[in-house]
Amino acid sequence: MRVRLMSASAIIFYIISAFILVAGLLAMTTRKIFRSAIWLLFSLIGVAALYFWLQVEFIAAVQIIVYVGGIVVLIIFSIFLTQQSGNEMPKQPLKRIIFSALAVLSGFGLTFLQIAKYNFQPTTKNFDWSVSKIGSQMLGTKAGGYALPFEVVSMLLLAAMIACIVIAMKAPSHPAPEAKELEDSKKNLARTLELSNIKSQNVLPLEEDLGGAST
Amino acid sequence: MSHILFVSTALFFIGMYGLFTRRNMITMLMAIELILNSVNINFVVFNKYLYPEKLDGIFFVIFIITIAAAEAAIAIAIIINLYRSHRSIDVDKASEMKW
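Protein sequence lines, in the order shown, are assigned to chains A and B. When we follow the numbering used here, the leftmost residue of the first sequence carries the number 1, and every step to the right adds one. When we follow the numbering used here, the leftmost residue of the second sequence carries the number 1, and every step to the right adds one.
Okay, chain A solo, but in the shape it has when bound (with noise of 0.2 Å):
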């Protein structure tokens, strides 16, 4: 065989690739959750390391503000709130670690011998992304263009955000029928002197509530 050597841009490659394997592994394999967490951390940042190599800063830029910045701080963060992370995650049972492995290396080798297998033929055209481009392919409502999922992506976020809200919520806990009783008739009693009051003001409040409930 050929000796050949590599180029500075693909030894760059090989670190990365190298240090984003390593990583992810130690993250799915680490009997300390916290310490995974890190390891997670690590790998998010070889994953945009890559998207630097790839010339695509746009989207690295994107992994290390949504991934590192976020999405790695709220997993810390419910860590921090849900458990002691000193702790040693209770070790799991051989078999289903074995049987899982081979279930993972036998996809693995599927899938790489596909790949290999597969006549890929990369143009070395010049891959022109702007973040102008983008943005207004993105907001484009001619063909090609990307409106719609934006608008639904935005109304998904909305409801994400209303999810959150809803489940971080107190639970009531549960009245008693007659507390339940009494409560009503507390916001009843609530709303007519709220009802007496805009009455007794103008009709200026209640068109704001309106307002305030429409949107």
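These are computed hints drawn from the structure, not numbers from a lab. Think of the CB as a built atom: it goes at the ideal place given N, C-alpha and C, for glycine as much as any other residue. A portion of the hints provided could be inaccurate.
To be verified - If you want the footprint, here are the derived chain B segments under chain A, 3+ residues with CB under 8 Å:
#1 2 to 9
#2 14 to 23
#3 58 to 70
#4 78 to 89
Start from chain A and add chain B according to the hints.
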């Protein structure tokens, strides 16, 4: 190009391994994040090397990142709520709704 695909495949199956072996909900969420990242790498690579005149892969990556963020937020809200009521976030212990 195929070397990058090997890396993303390996990352995907590392995430699958974590999903299979871990029984803690937060670590399972972390495994899902790894899997989504490998998919993102695939999208970017296919877009850059096979269709460099288009931008669709980039859009898919952006949408996947957005949805992953929303998904992580909701999952963590559910996990913390579950921890409040069960004092544990093992998937095996949360079996009330199991059929």
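- prompt: Against the structure shown, which of the earlier numbered hints fail to hold, in ascending order?
  reply: none
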